[in-house]
Amino acid sequence: MFRVKISNAKLLRDAITAISTLIDEGTFTVSPEGIKLRAMDPSRVAMVDFTMQKTAFDEYVADEETKICLNLSELLKLLKRAGRDEAVEIQLDENTGQFVITMRGKYVRTFRMPTLEASEDEVPTPKITFNAKVTLTTDGFRQSLEDVALVSDHVRMETDGEKMTMTARGDIMGANIELLKGSDALLSVEAKEPSKSTFPLSYLSEIVKAASATSDIVTLEFSTDMPIRLDFKQTYDGTLVYYLAPRIEVE
Amino acid sequence: MVFQETLFRVTNEERQRSLCSQCQGHRKLCGKPVCPILAKAETLMKLEKRLSKDKIFGASPPAVFVGSWNYPRVLAGPLVPPLPSVDSSVMDMPELWLRKSMDEILRYRFTLVRGKRFVDVKWARDPDRILSTFQEVVMAAKPTDTEMWFHKKPKLNVVFSSREPPSGPSASIKRAFLAENPSVPKPVETVVSDTDLKAVEGIVKLFDSGISQRQITRMFSIGLLGTKRLKRLVPTEWSITAVDDILGKRIHKEILDYPWINQFMVFGHKALGNNVQILLFPSSWMFEAQEVWLTSKRSVPGVDYELTWGRKSYAENLAGAYYASRLPVLEYLRRTRRQAGAIVFMEVYPEWIPIGVWRFRELCREALRKEPLRFDTLGESLEALRKRLRLPLERWLERSKILPWHKTQRRLTSFLA
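In order, the protein sequence lines correspond to chains R and W.
The first sequence begins at 1 in the working numbering and counts up one residue at a time.
The second sequence begins at 1 in the working numbering and counts up one residue at a time.
Each hint can be trusted.
With a straight-line Cα cutoff of 30 angstroms, these simulated DSSO-like cross-link-like pairs (lysine-lysine) come out: (1) K67(R) x K233(R); (2) K312(W) x K209(R); (3) K231(W) x K77(R); (4) K312(W) x K10(R); (5) K77(R) x K312(W).
Don't read these hints as lab results, they were simulated from the structure.
Predicted, not measured: the structure shown is a model, and the values here were computed from it.
Let the hints inform the model, and build the full structure from the sequences given.
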């Protein structure tokens, strides 16, 4: 049995939007503790790791662990119908295998959508020792990425523990952004050793754009030529974390 | 979302790449004293005595043409050869043309007399008698005898386009009738009568029930698809690319679930002054098309590409050629239930006369029907391509966007515990 109620529908909608930048169909694991989803995008370049604890919901009932696979764009279409302060109730109809979404506002609306065959693959998280940790405002990070996207399709992120630099080199243009300790956008920076790594903007910008609706603060962890971990601080009990593989220049 | 058919316009880059469609036979850009195409057309026309009347009776392949000039009030009408009760289908069947000579194809096309009349694209919602006749022509699976009366005798005015094949003399239509009952395939009838079906869904449904892409494109163009309220005519050149894109998008979704190929593969086919070579490499889906017109020593390929998720914007540089070459690659991957990265190299030699984007689609399909060369490394496959391409390999590689991506971008799978 699975049934939840959430009074702030926007919370759920933004979280699903953030996940759907990487995947079309998502397999959620629901358990007595809460909901989680971990999946790689089809190109296997990026991963999303999402959890929403039961305390994030107004009501939460799940008596055993179940997997529910949904088409996220179809789910979003339905969630977008919920008004600003409308409560959304969701339950799994075990007889039909359908996902039932009820919105109670001026009148009661009930939508049904099919669940898909859940994938059985467990995706492990990358095992990485991170040498650098940088906390930024999501907005500041997003703006910096928009700046570098003007000249290139990838960005090099670099830190020595004192500042963080983002560099982009295009065919004819270049961009350099420095975030110093004490600046408005940079909340904290630490590094066990100087680290630099390059990432594709086509993924990074999409991820940050989608996640920025859910979060004001993002913590980046990276090491030289290793994947980056982006942890977007959520306003509810839960996590929204992405991993993105680096680009490595070969001669 | 309302389907944006105007998105699939012919871009300036696309037009400029084709010498003939810039010149239109009048400016002698190719340096020859007389335009060889116009000369050919005129010769053919002189032979055609049956055109000296203001009426024509013949079997339409079936085919229609919808112009883009003056959109949304466009010129539309059927193409009918002055040959009743013959099998004229080959005249509008590009899938058979790779085995023909350029002369034969031009002869087919110039034999087709084009009736035209101004139609507002929105009339598709409530077609009058003449437009209904045009629509009936296209619903038929086989050539259908059609009778057209003109205001004046048809005049030859060859127009070149980078997308659609040319047609013969044209004249404005006074009346048009079908002289026999068209044989309409069941799926066509079902989709056309379903006025709640969106254009995109209709296209996919027709394709899945085995209706040819050619017929679907004609139906889309003449305003037979779409929900009742949004039905409209779509200029032929836009409809060709829109259907390539819609069918491609649908297959793209499907192949993202398939396993990667495990070797490098090179496919190729040459015909009609065009050379198409296709490289498939082990990767998630990504696609790049490069097209070069070898008209001068300094020719540089045009490029468009997409990564795993597909494009969100129109392929401005290659336009029609991009979507026409992407669809066959996706069809191949679906057929073999595999996923891959792909680069299509397209060379156009000076002997080519622009008679449409169909040859890229058909050359790719033909190439992908053949047994490929297989290699274990990218280097070996590139060497094989070097031998099959006239433009030096380096000139292609320095334009490529997805090869550098493939070489430098790591996957998370290399970092999982």
